[in-house]
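Asker: Numbering of the sequence shown is given in our numbering, commencing with residue 49 and proceeding in unit increments.
For the record, the hints were derived by calculation from the structure and aren't laboratory data. These numbers were taken from a predicted model, which means no experiment stands behind them. Heads up, some of the hints might be wrong.
[Said to hold, decoys possible] Listed below are the simulated DSS-like cross-link pairs for lysine-lysine, each with C-alpha atoms no more than 27 angstroms apart in a straight line:
| hint | residue 1 | residue 2 |
| --- | --- | --- |
| 1 | K362 | K160 |
| 2 | K160 | K421 |
| 3 | K414 | K316 |
| 4 | K51 | K414 |
| 5 | K108 | K77 |
| 6 | K51 | K77 |
| 7 | K362 | K421 |
| 8 | K160 | K254 |
| 9 | K362 | K263 |
| 10 | K421 | K316 |
| 11 | K254 | K303 |
| 12 | K160 | K77 |
| 13 | K51 | K108 |
| 14 | K160 | K316 |
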Amino acid sequence: MKKGPLIAVLKERAPGETRVAATPETVRKLTALGASLAVESGAGAHAFMSDAEYEAEGAKTGPAADVLRDADIVLGVQGPDPALLSGVRSGAWIVAALDPFGQREQVDAYAKAGLEALAMEFMPRITRAQSMDILSSQSNLSGYKAVLACAQEFGRAFPMMMTAAGTITAARCFIMGVGVAGLQAIATARRLGAQVSATDVRSATKEQIQSLGAKPIFVEDVAGIEGEGSGGYASEMSEEYQSAQAELVSRHISKQNIVITTALIPGKPAPRLVSDAQIATMRPGSVIFDMAVPQGGNVEGSVADQVVERHGVKIMGYSNAPAHLPADASGLFARNIFNFLSAFWDAEQGKPVLDEEIGDAIRLTKDGTVVNKRLLG
Numbered sequence: 049m050k051k052g053p054l055i056a057v058l059k060e061r062a063p064g065e066t067r068v069a070a071t072p073e074t075v076r077k078l079t080a081l082g083a084s085l086a087v088e089s090g091a092g093a094h095a096f097m098s099d100a101e102y103e104a105e106g107a108k109t110g111p112a113a114d115v116l117r118d119a120d121i122v123l124g125v126q127g128p129d130p131a132l133l134s135g136v137r138s139g140a141w142i143v144a145a146l147d148p149f150g151q152r153e154q155v156d157a158y159a160k161a162g163l164e165a166l167a168m169e170f171m172p173r174i175t176r177a178q179s180m181d182i183l184s185s186q187s188n189l190s191g192y193k194a195v196l197a198c199a200q201e202f203g204r205a206f207p208m209m210m211t212a213a214g215t216i217t218a219a220r221c222f223i224m225g226v227g228v229a230g231l232q233a234i235a236t237a238r239r240l241g242a243q244v245s246a247t248d249v250r251s252a253t254k255e256q257i258q259s260l261g262a263k264p265i266f267v268e269d270v271a272g273i274e275g276e277g278s279g280g281y282a283s284e285m286s287e288e289y290q291s292a293q294a295e296l297v298s299r300h301i302s303k304q305n306i307v308i309t310t311a312l313i314p315g316k317p318a319p320r321l322v323s324d325a326q327i328a329t330m331r332p333g334s335v336i337f338d339m340a341v342p343q344g345g346n347v348e349g350s351v352a353d354q355v356v357e358r359h360g361v362k363i364m365g366y367s368n369a370p371a372h373l374p375a376d377a378s379g380l381f382a383r384n385i386f387n388f389l390s391a392f393w394d395a396e397q398g399k400p401v402l403d404e405e406i407g408d409a410i411r412l413t414k415d416g417t418v419v420n421k422r423l424l425g
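All chains, full assembly: derive it from the sequences and hints.
Answerer: Listed below in structure tokens is the structure:
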């Protein structure tokens, strides 16, 4: 068995980023595979993981320059600044959420530096890659956190309560977009006692909504629906469907106390789902959480990391929702990365070796050039 690679774990430098790409648990598991681990001092501090815990599992800790020296693989939550990476080996892997469409200049810089950039968010949604899917693991927590944030801002209780002084009616919560985040939002709102309804452009989600005890709100009998996208994602809708959905939503949203929007289309601005006119029909004191605010927002007037009030309705959304749950978000993210590396670990070569199906999907750069078809097409 050959000596394993040196894996470097950096402290995140993006504003508000509290997660870390490896935990003491995954350091132990990677070490058992034969890798050497080096973790930048303080990398896990925001996620309540000390340098001593990493060292106890076999990692070396120190400043970034020492951690990166001769590294074969660099792990990050967000893509590290290429200027930091001068000490890594030629052809080293950069494994992180690289935001290839939004950070194209950074991707080009990785190519120029001779690095092999692997975008974890490009992981194909196939059965054998489920345990490597950072979008699903982080979206799950985002859906949960969105409901709790709404409950905090909402000036009323979520569940129905029968008291000697009278009955409090249950809050009405409407989830728009039923992917991983939306399903978790439904489940969480139901646990808090809300009366929950949900909608999606994909007809296959109707049974999922019902299975969680929520009411499906769907456009019926409209031709030209294009909602069934590839890989489990929603695609753009036809104009006829958009018009029918807007009318349906306008009727339904006026009766809601809480609205959570989750609609995203990879590589494109978030679709607009809720207009100012629709917000104006909602009851004062209602709350809207826009989970798509980092990509332009589903809701007119939403601003990342701010609570904006329009027509007496509070509108909010986080630029980085998983970062509000740093310990669990880091734990899941780190396991996704470990599952990825371990799945391709070649004992004879002493390192992970990618196959074409997943390798071609996530590889952005190699041998000095950008190679990913999604960036070249």
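Asker: Each of the hints needs a verdict: does it hold here or not?
Answerer: Hint check:
1. K362 <-> K160: Not satisfied, since the Cα-Cα distance of roughly 45 angstroms exceeds 27 angstroms.
2. K160 <-> K421: Distance ~18 angstroms between K160 and K421 Cα, so the pair holds.
3. K414 <-> K316: 25 angstroms, holds
4. K51 <-> K414: Distance ~23 angstroms between K51 and K414 Cα, so the pair holds.
5. K108 <-> K77: Satisfied, since the Cα-Cα distance of roughly 15 angstroms is no more than 27 angstroms.
6. K51 <-> K77: 16 angstroms, holds
7. K362 <-> K421: 41 angstroms, violated
8. K160 <-> K254: Between K160 and K254 the Cα gap is close to 47 angstroms, so the pair fails against 27 angstroms, i.e. violated.
9. K362 <-> K263: 24 angstroms, holds
10. K421 <-> K316: 16 angstroms, holds
11. K254 <-> K303: Given that 27 angstroms is the threshold and the Cα spacing comes to 21 angstroms, the pair holds.
12. K160 <-> K77: Violated, at roughly 32 angstroms.
13. K51 <-> K108: Holds - the C-alpha atoms of K108 and K51 are around 17 angstroms apart, at most 27 angstroms.
14. K160 <-> K316: 26 angstroms, holds
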